[in-house]
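Since the structure of chain S is provided, determine the placement of chains F, H and G on it from the hints.
4 protein chains.
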Amino acid sequence: MELAKLKITKRQTLAGQLYGQILEQIVSNTLGQGERLPSEHGLATAFGVSRPVVREALKKLQEDGLVEARRGVGTFVRRRPPEKLIEFATVDSVAGLMRAMEARVTVEHATARLAALRAGPKDLARIESALQRLEETMAVRTPSVDSDYQFHLAIAAASGNEVFVDMLECTRDAIERGIDVAQKLTREGTQARLNLVMREHRQIFEAIHAGDAEAAGVCMSHHLLQARTRITDHAESA
Amino acid sequence: MELAKLKITKRQTLAGQLYGQILEQIVSNTLGQGERLPSEHGLATAFGVSRPVVREALKKLQEDGLVEARRGVGTFVRRRPPEKLIEFATVDSVAGLMRAMEARVTVEHATARLAALRAGPKDLARIESALQRLEETMAVRTPSVDSDYQFHLAIAAASGNEVFVDMLECTRDAIERGIDVAQKLTREGTQARLNLVMREHRQIFEAIHAGDAEAAGVCMSHHLLQARTRITDHAESA
Amino acid sequence: MELAKLKITKRQTLAGQLYGQILEQIVSNTLGQGERLPSEHGLATAFGVSRPVVREALKKLQEDGLVEARRGVGTFVRRRPPEKLIEFATVDSVAGLMRAMEARVTVEHATARLAALRAGPKDLARIESALQRLEETMAVRTPSVDSDYQFHLAIAAASGNEVFVDMLECTRDAIERGIDVAQKLTREGTQARLNLVMREHRQIFEAIHAGDAEAAGVCMSHHLLQARTRITDHAESA
Amino acid sequence: MELAKLKITKRQTLAGQLYGQILEQIVSNTLGQGERLPSEHGLATAFGVSRPVVREALKKLQEDGLVEARRGVGTFVRRRPPEKLIEFATVDSVAGLMRAMEARVTVEHATARLAALRAGPKDLARIESALQRLEETMAVRTPSVDSDYQFHLAIAAASGNEVFVDMLECTRDAIERGIDVAQKLTREGTQARLNLVMREHRQIFEAIHAGDAEAAGVCMSHHLLQARTRITDHAESA
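Chains as they are written, first to last, in our numbering: chain S, 1 to 238; chain F, 1 to 238; chain H, 1 to 238; chain G, 1 to 238.
Because the hints were derived from the structure by calculation, they are not lab data. Just so it is clear, the structure is predicted and the values come from calculations on it, not from any experiment. Hints are not guaranteed to be accurate.
Lysine-lysine pairs mimicking DSBU-like chemistry, simulated, CA-CA at most 35 Å apart [said to hold, decoys possible]:
(1) H:K122 / S:K59
(2) F:K122 / G:K59
(3) F:K59 / S:K122
(4) H:K122 / G:K122
(5) F:K59 / H:K59
(6) F:K59 / G:K122
(7) S:K122 / H:K59
For reference, chain S alone in the conformation it holds in the complex (with noise of 0.2 Å):
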């Protein structure tokens, strides 16, 4: 690990652009999968901060799962994202990618599992339509991120809960961002890459179709989850 290539500048908490810094040194393979991080005292002194914002950036690195802890060993890559994932988004930015997926997770579990229960046919066509343009899009390998918000949007309609759809018109921008990052990844990858991620799209319509509130939770749950990994392993994204 290069350090005298880190520099700290003032745009972010020490701690977020520590986070970003070591993530680029990972895209960049300069610290290898597997490879152990320098010690915390190490990192402090590297980068002229205090330990408390190494831990925290470490930290965040780990709930991203990036880096892993062994505990009396020392912290070490897990995981190495595609190269392209610091050219579609900035490095200072995917922490927060990382955040909106977290809690996009527990909220469109929920809206899923209640969209099964309670959608009606207008609910269904709107859901439907919404993956339909995805997959038209998709199908020329030009995914619209649009209609990929669309599609979670209906979802969370056919909730019947109002609340659930502010939660997402909320953080919209946060959501949209990282769409646009998973798709610009998977456009990349191979036709059987794209095929998957229309797949999990399919599977989650068909659940709530279906009436069946736990294979629609878990669907949007497995799909979110993917795309995560998609962004955060460059093994993934092939």
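Below, chains F, H and G alone, put in the same frame as chain S:
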């Protein structure tokens, strides 16, 4: 059920109005616990609305635990809310309070779990400080809506995920109105009831403080579902 | 629906027999997808059983996703299982397989989560070894029931909680019969289908290996619910 | 921590024995709440065991909420169980009781949910009858282990899934031993404590009776996690 008493106004969806008017009959005991509601056809005729409108109103009453449908038999009153409910909240607003509660159970189960895993000393101090203010105001039987909201907001902040904070903040009005109604009903009850509500809050804090994610999530869900029951069941609010 | 074909034997509860006979009509397409079943009264008369028996059989068919009740309209065929189902399993045993699957979703969601948190190197080696044997036998289209069971048992052992191991072992017969049917149906399908099933297993292992509890739990639930769908939906088993 | 007091016998795994002996020191207040345990190296040397054995014992103590690891600082006593615990249960058996409790939280959350959706009048009568017997014996401060177990078993039967019943029955010994210890500790506490435990059981029944699946599941999890806390935390058992 004296249908003549019911009147349709223009402020809300028809289904929303019908929900409110049936609720009023249940609270006032015009429709007693265990009693069968008129048939879909009967309700549609009496109110001069279509059957889909009747079905939507009944569905929401069922989702909120106020009535239950028995297949091939009809729809029955399941729970009678405390009489004071429609003094503390307008009949029109109750369905909205229930929706906010449902969304909170989902989101705050997650924030409490994550707070148990991620809260630092400052987060814990902020949660405990809001709890203490809430307990002080409850001890003199004037619970503070703001302290209650701040307690839940501090837990969301301790989850380390700003998106959850945004989700609570953007539905703050509905959350605070729900807290207000629940607190007013609690004040009508016995001291034993007040003690139980204090205990629920304290248990959430203790599970987070102990780093016990599963207990923190379950204590939070339990607290919010109990609050919902206190709003919808006169027996529980005693 | 040709009611004359149905006959009551004495081996099972009446509701269990009725379940099996309606299932047979659905699989054989005598009762087509989307078609309405006779009324409760009609079924009771045709089979010479009481209405509670009819209701119990319909309830179980609904729980298993095979029929759906639409309020005030009737009960309809929701999914048609693959024709081979009643070649690979006796009609009488299908309800039991579904119940075992339901219990597995609950228990194994927990074992996969805990394994991600607690598995040591030996646990991981044991899970991977069972996975490799399963993949080798799937590659030549003769998946091994024992390897599949051992994969799931090794995950339970890795949860560090022997009680979960006991729970799987004491229902091993039902679990292995379910695996056997699912595998036989998978072998009837395309190579793409077989690859998907292999992928589901591999994802569970990878999430456990990465220490990602949430993903491990969700991948496990998703895998088991997909297996259930492959048993009950001829379209999904293609 | 007076290490000289500790002795290794041959009845159990080394990690299991070490767990029991550290537990004994915590219960007896030799190791006080908040106090730091000796280092891994220190424990390994003192007991003449390998560090992996020490790590396994500490991991189980942490999973059971008795100690907590603070990264880079050490392991600390988190909760002190009531002194009577090691009178009512052998030191060797406590880890097993905790594992049974963990499995029950998973399985019985599901059985309570499903019972709320599926219980018929006979199921409800059976659950209520066991509850009444339990309440009668608790009222005279001699709670019946069998009634408590039968209450939980009747809920599993009401789930309509025999596999869950089998899972409880095949771990019945461990479950009953856990109930026995929890009840004995409850009897040591105040009448207020006893009333709370009765209330927890009654709430589960009421949620199942009301057909409220979410509340039934959460009330069950909450009850079992509270029971676990009463076993591991002397403050909660007062």
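Quiz item: Of the hints stated earlier, which fail here?
Solution: 4
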